[in-house]
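Following the hints, complete the assembly by docking chain B onto the known chain A.
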Amino acid sequence: MKYLLQFERSLEPLYKELEERKKEEKPTIYTEKKIQQELQKIYSNLTPYQVSQIARHPDRPHTTDYINALFTDFLELHGDRKFGDDPAIIAGIGNLRDITITVIGSRRGYTLKDMLSCHYGMIQPEGFRKMARIINLASHTFKSPIVTFIDTPGALVSTNAERKGQIEAISEPILALFKAEVPVIAVVIGEGIGLGALSMSIANKILMLKYSFFSVISAEGGASILYNDKRKSEELSSNLKFTAENLLNNGIIDRVIDEPIGGAQRNRETVIKATGDAIYSELEMLLKENGNKLKENRIERYRKIGIYAD
Amino acid sequence: MNIFKRKKKIIKVPIVTEEERAKPVRCKSCGRLISYAELKKNLKVCPYCGYHFRMTAGERINLIADEDTFSEIDTEVKAVDMLNFKDVVTYKNRIKQAKERTGLDSAAVTGKAKIGGFDAAIGTFAFEFIGGSLGSATGEKITRLIEYAKKRELPLVIVFSSGGERIQEGIYSLMQVAKIIYAIDSFKESGGLFISILTNPTYCGTATIAMAGNVVIAEKGASISISGPRLAKQVAKKNILPKLEQAESLIENGLLDIVVDRHLLKSTIVRLLKYYNRRRI
Chain A
188 MKYLLQFERS LEPLYKELEE RKKEEKPTIY TEKKIQQELQ KIYSNLTPYQ
238 VSQIARHPDR PHTTDYINAL FTDFLELHGD RKFGDDPAII AGIGNLRDIT
288 ITVIGSRRGY TLKDMLSCHY GMIQPEGFRK MARIINLASH TFKSPIVTFI
338 DTPGALVSTN AERKGQIEAI SEPILALFKA EVPVIAVVIG EGIGLGALSM
388 SIANKILMLK YSFFSVISAE GGASILYNDK RKSEELSSNL KFTAENLLNN
438 GIIDRVIDEP IGGAQRNRET VIKATGDAIY SELEMLLKEN GNKLKENRIE
488 RYRKIGIYAD
Chain B
6 MNIFKRKKKI IKVPIVTEEE RAKPVRCKSC GRLISYAELK KNLKVCPYCG
56 YHFRMTAGER INLIADEDTF SEIDTEVKAV DMLNFKDVVT YKNRIKQAKE
106 RTGLDSAAVT GKAKIGGFDA AIGTFAFEFI GGSLGSATGE KITRLIEYAK
156 KRELPLVIVF SSGGERIQEG IYSLMQVAKI IYAIDSFKES GGLFISILTN
206 PTYCGTATIA MAGNVVIAEK GASISISGPR LAKQVAKKNI LPKLEQAESL
256 IENGLLDIVV DRHLLKSTIV RLLKYYNRRR I
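Respectively, the protein sequence lines represent chains A and B. Converting from the first sequence to my numbering requires adding 187 to each position, the first position being numbered 1. Converting from the second sequence to my numbering requires adding 5 to each position, the first position being numbered 1.
Looking at chain A on its own, in the form it has when it is part of the complex (with noise of 0.2 Å):
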């Protein structure tokens, strides 16, 4: 275990004894046992703060792992024919078991050198015309359905950024999968923020893993803005209700891909198989109808999203 959460420091005196006991090469299930115990009695409750800590842990399965994992003959195409290429953005065409995919996801990077490159994931402009370039290929030529991998703090904010048309950008991916007229799958992976991850997110079934969050700003970001103080991010965390049980409950996604006791980052290969699972049985229910019709259905979704009196 590389990196353990606040919350989790209870941990680490057992993963010591655990790694000692590996070392002196005495049996170790005992102390495995511990382990797993203490991480049942923190995982069993935690508050919505901790599960947005969870999905921006570093060891968690990146779109790049899923990617990897499920798709066979992945083909990666680049850049949005107008400016440049946005490493933040990944995007191809690859099979999942029988059926061809058009996949779009967040990059965020493992190397410092990419995280840089990628801007921790924050997508520029070059990205949203990216995404909205390949979703009409998609839609138009290659007639595949779209799977979206999110996990972004967001569109990114920098003065670059200004200057290329950051706030023109954003609404292109969005009515390009509003008019796409193939299945769409969007799949929140870790964390789904702002303007940036409702981009990648207009679709026919929204799934979640269970320690996501998907939110209109970041726990951090909002604080600064209501309270000017960053320290309140706790507090505000649990008045956004962005976790996937609360937003399966509001009726704004459809379906909780479950992840064992210690999260993802614990359980990787887990996790990935039961996305792929997930996304494939949704799929072909979502295959069986037509194309027009599934566009109608995103249209409809989300023309009735809000609460208002009346």
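It is worth saying that the hints were derived from the structure and are not from the lab. Hints may be right or wrong, so weigh each one.
What the hints assert, rightly or not - Here are the in silico distance ranges between beta carbons for each label pair:
1. A:368 to B:268: 45 to 51 Å
2. A:490 to B:286: 35 to 41 Å
3. B:83 to A:478: 35 to 41 Å
4. B:196 to A:327: 19 to 25 Å
5. A:436 to B:194: 31 to 37 Å
6. B:235 to A:477: 42 to 48 Å
7. B:34 to A:477: 47 to 53 Å
Claimed, not checked - Stretches of chain A that chain B covers, calculated by requiring three or more beta carbons in the stretch to come under 8 Å of a beta carbon on chain B:
8. 356-368
9. 404-410
10. 429-440
Every residue, glycine too, gets a C-beta built ideally from N, C-alpha and C.
Below, chain B alone, put in the same frame as chain A:
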């Protein structure tokens, strides 16, 4: 859906109290003192340096629409607290306070009016109502206005003045952006003219919506950005050059059609409407 039951309603603008009216206002840009009456006469533009003060929704409608032609629609749509949200004060109280202060039920005023003699659907964000932020009720009103304009084949004018999505409504407010963007696109595809007017400030989701206009007009000195200053400071760990997000620099980057002084705003809209009405069908 009582969209078509229009009620004539005069918008109250009780935001400036009588005491404040007597006091002179200090210009935020040049620091000079201006009497409120003088400022009001000059369309809330500083007579010395040309700084554009914020206008309320009522003043905005009075500025753009011809006298006594505005009739409001969808007045029954009201903001509610669905998440039991609480920050410094509860969201319920925030709505109540905003309502008492402004007499509005949501951060949008929409309706039908004549502009320079031409019929048009007109909507405006009210910055005085919780920062003009885009909540469910606001999003619904704007969407209904767009659908109203599409159905009646009216040109559409929306004035933006908003801090972005309403955090107090969580994910619902984010989804309003998608809802409105699609509504605008289907309106534009049916051949409609959407004039969007960006005023100080237009941030986040509302800026994205505003950029969907057929013609995008910004007022002088309007601050337009993907994020508000506080968030930019928090995310980018530095202040984004305040000059860069101003309308004058955005037009250089090719994002706007026209940057206009407030005194010329109405005549610019009327000219566009005139050209639109002369289109060959």
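Status of the hints after comparison with the structure:
1. A:368 to B:268: 45 to 51 Å: Given about 48 Å between the Cβ atoms, the range holds.
2. A:490 to B:286: 35 to 41 Å: violated, 29 Å
3. B:83 to A:478: 35 to 41 Å: Hint holds: Cβ distance 38 Å, inside 35 to 41 Å.
4. B:196 to A:327: 19 to 25 Å: holds, 23 Å
5. A:436 to B:194: 31 to 37 Å: Once the Cβ atoms are compared, 35 Å apart, the range 31 to 37 Å for residue 194 of chain B and residue 436 of chain A holds.
6. B:235 to A:477: 42 to 48 Å: Distance hint for residue 235 of chain B, residue 477 of chain A holds at roughly 47 Å.
7. B:34 to A:477: 47 to 53 Å: violated, 58 Å
8. 356-368: holds (count 5)
9. 404-410: Three-residue rule met by the segment 404-410 of chain A, so holds; n is 4.
10. 429-440: holds (count 4)
Consistency with the previously given hints fails for numbers 2 and 7, ordered from lowest to highest.
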